[in-house]
Amino acid sequence: MLEFDVAVIGAGPAGLAAALAAKRSGAQKVVLVERDFRMGGILEQCIHMGFGLKYFGEELSGPEYAARFIKRIEEEDITVMLDTMVLSIDGDMRVIHAVNKNGVVNIKAGSIILSMGCRERTRAQVAVPGTRPAGIFTAGTAQRFINVQNELVGKKAVIVGSGDIGMIMARRLTLEGVKVEGVVEIMPYLAGLTRNRVQCLDDYDIPLYLSHTISDIRGQYRVEGVSVARIDENREIIEGTEFDIDCDTILFSVGLIPENEVSKSAGVLLDPVTGGPIVDDHMETNISGIFACGNVLHVNDLVDNVSIESEKAGKAAALFAQGRLHEKTEAISLACGENIRYVTPQKIVRGGQDDVTIYFRVSSPERNIRIQAEADGAVLLEEKRAFVNPGEIEFITLQKENLSGINAEQLIIRTVRE
Amino acid sequence: MNEKTITCIICPSSCHITVRGSGNSIESIEGHTCKRGMKYASSEYLHPERNLTAIVKAKDYKTPVISVRTSRPVPKDKQIACMRIIRELEVGPPYEIGRVILKNILDTGADILLTNE
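Going down the list, the sequences are from chains G and L.
Numbering-wise (my numbering), the first sequence opens with residue 22 and increments by one.
Numbering-wise (my numbering), the second sequence opens with residue 105 and increments by one.
Derived by calculation from the structure, the hints in this document are not laboratory data.
We treat Cβ as the ideally placed atom computed from N, Cα and C, and that holds for glycine.
Hints may be right or wrong, so weigh each one.
Quick partial rundown of chain L residues pointing at chain G, CB under 7 Å, derived from the structure [stated by the list, open to error]:
#1 117
#2 120
#3 167
#4 201
Below, a list of computed lysine-lysine pairs in the DSBU-like style, where the Cα atoms sit at most 35 Å apart [said to hold, decoys possible]:
#5 L:163 / G:405
#6 L:180 / G:285
#7 L:161 / G:176
#8 G:122 / L:180
Non-contacting residues of chain L with respect to chain G, defined by C-beta distances greater than 10 Å in every case (computed) [to be verified]:
#9 149
#10 156
#11 158
#12 159
#13 166
#14 169
#15 180
#16 183
#17 187
#18 203
#19 206
#20 209
#21 213
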């Protein structure tokens, strides 16, 4: 059995930042366990720009952003185990069971950080009718084929879902000479960021079909085309609106799911809305000594936020391993009020010494609102927003002075119209 | 007189800004709600530019290709032409981030650099 103070599962942006912060917060022995052949996670295939503006103050591509952290990891005395897949965790003993080409690897850790990221929802999860020919990919799989393995996925594509990866792949395919016939989105609004619609779709005159769905996929061996139809507010197809698009490729960009099979094996409780662990402001789960950060916790839209949040997890995990994280006392629960879909962290430990940043998403778009944090009828914090959108994450920071006075069991986050 | 509607990408408000002008002169900018939006709209109208990212074939590297980008944004209408050139490139070691593999692509002033190592 190998022994470490802090074990980090997954060397994507969350794991890299967490491992580094753990080491720099005094953890002697830190191990980073990664199933791929290299560190960096999904950033390695995100060759586009747009990363790092907040964290590094300059715009970088995904691989460049990852490389800055990888370099720092390599400079520190951190053990990196590549090509190693974690299968389960014994939560009470804090033992990780993994496999690699040498066989079984067991790691006993003082504390564990879950940073496995997320995976893509597939065609199966959105139940699209039609045949099952070759040529249907998730957007991220196509991205890896093209950007890492040098395999072009087709010649004429339709993209289902207006998530960021889908739109970025629309541009990527266009630049590689693939004709992108359109992006089909079931919701009446864009799932991803407006900036991606402008720079990835509008720039190349790629049609965006909002409130539309794929009513059929055609083709026996290879995709031959799709039928697209407008839907009403009950998501029923409006008769007479159906049209066909010929294509040989379909990419699904229909959302991401935090990857928590390993977390569940440890007994970690998940939030039904985020799909990720319920954590407190130290990023600690319900299992003592097990922490979580990044997309395993909730799907982020900016990697910079992931790095910042993961450093918190790394620091707390290091303190826990050294017996310096203060006892788990009772916590204030955060509740979702008007138009708030989820908040994370979901709890704030009483008596904390730090300001607490709360990330949240709204349920539907709104203009000219105030974000309010309320406990026992008293408003602790109020901030204006000109515009909120489910596709763009929001956050507020509660000052420690504000938190220390709260006796209530619940803190409610909500939006209030002007 | 030309009219162009631009969706601002500076912040999530996504203002729709209308720019009117002829040739290289702007007559009016409307619909913006801040100075940065006005600046963005004017540069989008006069000389829209984009950073370009791609992959090139890589010899003796851990994957068949390595990612690259332009050192500065290139004119939007030169993207496809730039891509035709980039697609034909092939590199060998040393693999270092920031290494220039092609200087001044299509006279845009932008170099092509490696973004991985």
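Can you name, in rising order, the numbers of the hints this structure does not satisfy? 2, 5, 6, 8, 10, 11, 12, 13, 14, 15, 16 and 17
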